[in-house]
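Chains as they are written, first to last, in the numbering used here: chain A, 1 to 254; chain B, 1 to 599; chain C, 1 to 87; chain D, 1 to 114.
Everything labelled a hint here was simulated from the structure, so no lab data went into it. Hints are not guaranteed to be accurate.
[Unchecked claim] In the SDA-like style, the derived pairs of lysine to any residue whose C-alpha atoms are separated by at most 25 angstroms in a straight line are:
1) D:K66 / D:T54
2) D:K66 / B:L44
3) D:K66 / B:R65
4) D:K66 / A:L11
5) D:K66 / A:V45
6) D:K66 / A:F127
7) D:K66 / A:L155
8) D:K66 / A:V15
9) D:K66 / D:G53
10) D:K66 / A:W23
11) D:K66 / A:P29
12) D:K66 / A:G32
13) D:K66 / A:P209
14) D:K66 / A:E208
15) D:K66 / A:H134
16) D:K66 / B:E401
17) D:K66 / B:I68
18) D:K66 / A:P37
19) D:K66 / C:A15
20) D:K66 / C:F44
21) D:K66 / D:R51
22) D:K66 / A:A194
23) D:K66 / C:A3
24) D:K66 / C:T22
25) D:K66 / A:D40
26) D:K66 / C:I41
27) D:K66 / A:S138
28) D:K66 / A:E49
29) D:K66 / C:N27
[Said to hold, decoys possible] Not the full set, but computed from the structure, chain D residues with beta-carbon under 10 angstroms of chain A:
30) V47
31) R51
32) A55
33) D60
34) D79
35) L93
36) G102
Predicted, not measured: the structure shown is a model, and the values here were computed from it. Every residue gets a Cβ at the ideal spot worked out from N, C-alpha and C, and that includes glycine.
Residue strings, one per chain:
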Amino acid sequence: MTPTLRRRVFLVAAVVAGALLLWGLTGLPDYGVYAGPYGDVLNRVAVAERKAANVVAAVTFDYRGIDTMGEEFILFAAVLGVAILLRAQRDETEQPPDEDAADRHAPATSNAVRVVGLALVGPVVLFGLYVVTHGHLSPGGGFQGGVVLATAALLVYLSGEYVTLRRVSPEVIGDLAESTGAAGYVAVGLLGVAAGATFLANVLPLGEPGALLSAGTIPVLNLAVGLEVAGGFVLLLSEFLEQTLVIRRPGEVT
Amino acid sequence: MDALPVALPLLVAAILVGLAPVCPRRAADAATLATAAVVTLLCLALLVRSLDEPVVYWFGGWTPRDGIALGVAFAVDPVGAALATLAGVLATAALTFSWRIFEAVRTLHHGLMLVFLAGIVGFCLSGDLFSMFVFYELFSVAAYALAGYRTTDPGSVRGALNFAITNSVGAILLLGGIALLYGRTGALNLAQLGQSLATGPADRLVVVAFLLLMVGFFVKAAVVPFHFWLADAYALAPTVVGVLFAGVVSELGLYAVARVYWTVFSAPLAETGGLRGVMLLGAVTTALVGGVMCLLQHHLARMLAYATVSHVGLTLAGFALLGPAGAGGAVLYLVADGMIKGSLFISVGIIDHHLHDVDERRLAGRGRHLPWLAALMVAGALGLAGMPPFGTFLGKALMEEAAVETGLPWLIGLFVVVAALTSAALLRATGRVFLGPRGGAEAAATRSPDEAAVRHPHVHATQVVPAVGLLAGAVAVGLAPGLADAVQDAAGRFTDRPAYAAAVLRGAGDLARAGAHPPLHLVGPALLAALSALLGLGLALAALLPERLPPRLRGGVARAWGPVAATLRGLHNGSIGDSVTWLVVGMSTFGGLLVLVVR
Amino acid sequence: MIALEVTVFLLVAAAGTAVVLTRDPLNQAIVASFYGLVLGIMFFVYQAPDVALSQITVGAVALPLMILLALAKVRALRGGNGEDDDR
Amino acid sequence: MSHLPYVVAAWLLLVGLYGVVTSRNLVHAITCLSVAQSSTYILLLSVGFERGGTAPIFLDVPVGTKAVDPVVGALALTDIVVGATVSALLLALAVQAYKHHGSLDPERLGREQD
């Protein structure tokens with residue numbers, strides 16, 4: 001189809017599809033009225049049963065923990081895919097980047113930016129850790145905290161310490177953190193089996209709601225997810241960054 | 001331990017990737033292959049256990065309270081377990097095939113393959129609609145990456161992009177359907193959803209939710225016109241991946257259509273006789289478009305990709321009869337067909353590996369020294385045609401009987417024609433490559449001049465064994481004693497919504513055991529299969545030796561065939577925008593028809 | 001429905017439309033970041049702070065960042081190839 | 001008016017798809033796809049919303065307080081992760097496509113006919 005024809009065909013079909021959608025959507029209960037039993041039951045029983053103040057966390061990591069395992073491996077697969085695509089490309093085209101080349105290509109950064117950036121790293125890391133470890137008590141958890149932690153690594157880059165980051169090799173660290181976190185999730189699941197219950201059964205002591213050490217496996221799973229997500233996003237960002245930096249020629253502005 | 005077929009491959013994948021820098025390649029290969037084999041056995045064990053009653057496994061021990069599912073369950077019946085086993089078998093075969101030649105392989109690919117397999121298995125076993133979505137995305141994301149990683153081939157990247165974008169749109173619609181159902185019922189468990197909807201009529205919300213879910217699965221199954229992404233993605237993927245793509249991924253879409261229809265929608269939509277017609281319309285279109293496109297291909301893997309589309313249409317026709325007999329035949333057909341296509345994909349992989357090409361025209365006559373490979377391809381083509389003793393024969397016989405019982409005997413004609421089309425394409429290609437004269441002037445020009453000097457790599461036993469093994473598996477499915485009865489029993493339970501709901505929500509295993517099934521009439525279907533194969537052979541010969549045809553006939557065929565071929569080729573242009581546009585067109589058409597028939 | 005909710009819904013619809021209509025990918029990444037933020041606010045209105053936090057970290061920060069990096073990568077490639085492209 | 005969020009969700013889905021279909025730049029198309037994806041977050045959270053309910057976090061409020069559905073929150077969390085990771089993978093594919101074809105225009109990803 002030519003672009004014009006395609007646009008016309010799409011618009012006609014979209015009008016019909018939109019009408020169908022709206023027709024079906026008006027069959028829903030009015031906005032603001034929650035009909036179903038699922039959420040109500042969980043809101044009633046979850047805190048007592050799981051000692052997790054945050055019921056969303058209890059659903060995510062306990063009642064429907066298998067979904068979250070799947071979700072973590074979706075991230076895992078996507079990061080692997082990005083790594084394979086972009087690393088293969090690098091092998092095809094470029095000479096292996098050596099330390100000198102990386103030094104030369106790193107962007108020049110003013111001292112002020114560098115200081116501000118580095119000064120932010122500490123608080124951002126702390127905030128990320130807080131979000132990861134308090135997922136069962138307050139909004140947040142492994143995923144949100146993991147992304148925050150990954151941005152801390154980015155701050156190190158923005159402050160011009162990319163060379164430092166390279167020495168630590170984000171790929172190796174990222175791969176390791178990501179796979180450890182992912183394997184950790186499955187391992188916690190198997191813990192339930194080892195204890196004679198089912199996969200992903202919450203077999204650790206539950207404690208009291210509101211305490212940092214409560215809700216059994218939920219904070220442990222949050223840690224695993226935090227590790228995986230932080231590693232995964234560091235990898236994602238560094239794979240794209242790596243590409244840009246190694247290829248960029250001196251003097252070019254990105 | 002029923003979570004193990006999913007948990008084990010994921011755990012091994014994570015460990016392999018973590019150890020990638022220090023793990024020797026052979027160890028990674030061995031661990032991956034062993035894991036795939038163990039998953040296959042675990043799924044097989046589940047299949048055997050589920051023959052008596054469904055295996056229901058509640059993660060975290062959250063059994064339902066008062067009919068309300070708090071957690072997520074694997075609800076395993078023979079149909080789901082059979083598909084999971086098929087995926088395991090194909091993965092094992094594909095990894096065996098790649099043992100010697102996949103030199104570019106890295107541990108990361110192994111990780112992706114295992115995640116892919118785990119996603120498929122989870123999708124087949126899950127009894128929860130949202131978990132099905134998660135596993136659907138899990139194997140899809142792995143598949144997008146696997147489809148595009150062969151970075152030396154530009155087409156593979158384009159194919160992967162189209163695959164990923166179109167299928168993501170499908171996933172969005174699927175999730176929209178889930179949200180609609182959740183808003184109405186407050187449930188995600190299939191059995192509970194079915195219970196909840198059974199009390200009401202098929203109102204607008206039910207119809208639109210059904211539409212969204214079906215379109216989401218039709219995209220994966222590659223039902224026309226949701227199929228435009230498929231050929232590039234399947235044909236240009238590496239063999240080890242293509243075996244699974246062609247063998248089981250489209251089948252998963254069909255499985256989900258059937259599973260969700262029978263567990264969730266069969267009660268409110270039961271009164272709508274028109275639904276059968278609408279589904280059959282899609283099935284017939286898919287079967288014919290796929291068959292004709294298959295015949296138009298010269299790229300061998302692309303030919304198999306369109307054979308997949310065409311047979312998706314056939315299988316959908318079996319499900320679209322909306323009865324247990326048709327569903328049983330469809331499931332049997334789907335498993336046998338998946339193994340045959342997997343075997344053919346491996347054969348094409350061997351050709352690619354050995355002769356460095358997969359274009360039928362350029363390959364003409366270059367396979368003369370490989371008669372055993374020709375035999376494998378011919379056997380595969382006959383399997384696609386539904387010849388006994390392949391399992392496809394038995395599956396088709398069941399579907400044909402169901403079609404007659406449903407009062408739609410003309411469907412038999414469709415089966416004959418489609419089987420003839422796809423087998424004709426394969427027989428033509430086999431004849432040209434393995435028996436034909438070495439290519440004419442045009443082919444010689446495109447071939448490298450020093451081709452004679454190129455050393456053909458050795459064909460390893462590890463490449464041949466899986467191709468033979470898969471064909472043997474397809475035969476075993478056709479010959480296993482008592483299998484037809486077992487399939488009909490399983491299909492009876494697969495289509496029995498109240499029994500499924502009772503087993504999942506109340507753990508009640510009191511299944512009405514189906515009585516003895518009347519013996520199948522096999523002579524008629526065998527004659528029809530022979531007719532298909534003969535038609536296919538005739539078409540193949542006509543394509544190979546056009547000069548033997550009477551000139552008038554040749555001219556007539558060219559005049560009639562040319563415009564059809566040109567139009568179809570033009571539509572299948574690999575454009576991402578077109579693919580998504582057709583998706584929306586298909587959705588509004590299917591939706592409009594649904595609105596008309598559901599009254 | 002209270003005025004705040006209606007305002008947020010309409011803002012989300014407008015911002016999402018703006019993302020699509022911004023044809024230049026570089027500008028689009030900025031608009032998308034704003035859209036991610038607005039969505040995050042909408043999820044706070046929905047009393048879903050977990051989701052809002054996710055949406056803001058991913059939709060307003062991580063995803064636009066990846067888009068920018070991908071574009072930078074393409075630009076670097078273009079410099080390397082000496083080819084031009086009509087964006 | 002009582003269905004406004006549903007209308008917004010449907011609108012965003014179709015607008016996002018319109019962007020994908022008409023896009024002349026793969027990166028643009030991928031961002032449009034993420035807009036279409038975001039319609040599902042809105043739809044999920046809308047159907048679980050309860051007027052007057054608090055967030056389902058019972059730290060400062062006692063159990064039994066009217067709260068919104070926690071399940072849709074968990075589903076939307078998963079959905080967001082899925083959307084972001086698919087976008088990342090697509091961006092990597094787009095970069096790869098540029099490398100092969102020297103263009104991000106989906107219309108110019110040449111195709112060999114057979």
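Evaluation of the provided hints:
In summary, the hint linking K66 of chain D to T54 of chain D is supported, as the alpha carbons are separated by about 6 angstroms, within the 25 angstroms threshold. For the given pair, K66 of chain D sits about 47 angstroms from L44 of chain B by alpha-carbon distance, which is inconsistent with the 25 angstroms threshold. Proximity of K66 of chain D to R65 of chain B is assessed by CA-CA distance (about 21 angstroms); at most 25 angstroms being required, the pair is judged to hold. Simply put, K66 of chain D and L11 of chain A have alpha-carbon atoms about 43 angstroms apart, too far for the 25 angstroms limit, and the pair is violated.
The hinted pair formed by K66 of chain D and V45 of chain A meets the criterion: a straight-line CA distance of about 13 angstroms does not exceed 25 angstroms. Between K66 of chain D and F127 of chain A, the direct Cα distance comes to roughly 30 angstroms. Violation of the 25 angstroms bound is thereby established for this hinted pair. Our distance criterion of 25 angstroms between C-alpha atoms is broken by K66 of chain D and L155 of chain A, whose separation comes to about 41 angstroms. With a CA separation close to 39 angstroms, the supplied pair K66 of chain D and V15 of chain A exceeds the 25 angstroms bound.
Between K66 of chain D and G53 of chain D the CA atoms are separated by roughly 5 angstroms; this keeps the pair inside 25 angstroms, and the hint holds. For the given pair, K66 of chain D sits about 30 angstroms from W23 of chain A by alpha-carbon distance, which is inconsistent with the 25 angstroms threshold. A C-alpha spacing of about 18 angstroms is found between K66 of chain D and P29 of chain A, which places the hinted pair at or below 25 angstroms, so the restraint holds. At roughly 12 angstroms between alpha-carbon atoms, K66 of chain D and G32 of chain A fall within 25 angstroms of each other, so this suggested pair holds.
A hinted pair counts as satisfied when its Cα atoms are at most 25 angstroms apart, and K66 of chain D with P209 of chain A qualifies at roughly 19 angstroms. This hinted pair checks out: K66 of chain D and E208 of chain A have alpha carbons roughly 22 angstroms apart, not beyond 25 angstroms. Between K66 of chain D and H134 of chain A, the direct Cα distance comes to roughly 23 angstroms. Compliance with the 25 angstroms bound is thereby established for this hinted pair. Between K66 of chain D and E401 of chain B the alpha-carbon distance is near 56 angstroms, which puts this suggested pair outside the 25 angstroms criterion.
A threshold of 25 angstroms between alpha carbons decides the hint, and for K66 of chain D with I68 of chain B the separation of about 20 angstroms falls inside it, so the pair holds. Under the criterion of a C-alpha separation no larger than 25 angstroms, the hint pairing K66 of chain D with P37 of chain A is consistent with the structure, at around 14 angstroms. For the given pair, K66 of chain D sits about 31 angstroms from A15 of chain C by alpha-carbon distance, which is inconsistent with the 25 angstroms threshold. With a C-alpha separation of about 16 angstroms, the suggested pairing of K66 of chain D with F44 of chain C holds against the 25 angstroms cut-off.
For the hint linking K66 of chain D to R51 of chain D, the alpha-carbon distance of about 9 angstroms falls within 25 angstroms, and the restraint holds. With a CA separation close to 38 angstroms, the supplied pair K66 of chain D and A194 of chain A exceeds the 25 angstroms bound. With a C-alpha separation of about 22 angstroms, the suggested pairing of K66 of chain D with A3 of chain C holds against the 25 angstroms cut-off. With a C-alpha separation of about 41 angstroms, the suggested pair K66 of chain D and T22 of chain C falls outside the 25 angstroms cut-off, and the hint is violated.
This hinted pair checks out: K66 of chain D and D40 of chain A have alpha carbons roughly 9 angstroms apart, not beyond 25 angstroms. Pair hint K66 of chain D plus I41 of chain C holds up; C-alpha atoms about 21 angstroms apart against a cutoff of 25 angstroms. The suggested pairing of K66 of chain D with S138 of chain A holds, with an alpha-carbon distance near 18 angstroms, which does not exceed 25 angstroms. With a CA separation close to 18 angstroms, the supplied pair K66 of chain D and E49 of chain A stays within the 25 angstroms bound.
Annotation: proposed proximity of K66 of chain D to N27 of chain C is violated, straight-line Cα distance about 42 angstroms (limit 25 angstroms). Given the 10 angstroms rule on beta carbons, the hint for V47 of chain D holds: about 6 angstroms separates it from the nearest Cβ of chain A. Hint status for R51 of chain D: holds, given a least beta-carbon distance of 3 angstroms to chain A, under 10 angstroms. At about 7 angstroms, the closest approach between the beta carbon of A55 of chain D and any beta carbon in chain A falls short of 10 angstroms, and the interface hint on this residue holds.
Evaluation of the D60 of chain D hint against chain A yields a held restraint, the C-beta minimum of about 9 angstroms falling below 10 angstroms. Against a cut-off of 10 angstroms between C-beta atoms, the interface hint on D79 of chain D holds, since the closest Cβ of chain A lies about 9 angstroms away. Because the smallest distance between the Cβ of L93 of chain D and any Cβ of chain A comes to about 7 angstroms, under 10 angstroms, the interface hint for this residue holds. Taking 10 angstroms as the C-beta cut-off, the interface hint given for G102 of chain D is violated, the closest approach to chain A being about 14 angstroms.
Consistency note: the structure conflicts with the earlier hints numbered 2, 4, 6, 7, 8, 10, 16, 19, 22, 24, 29, 36.
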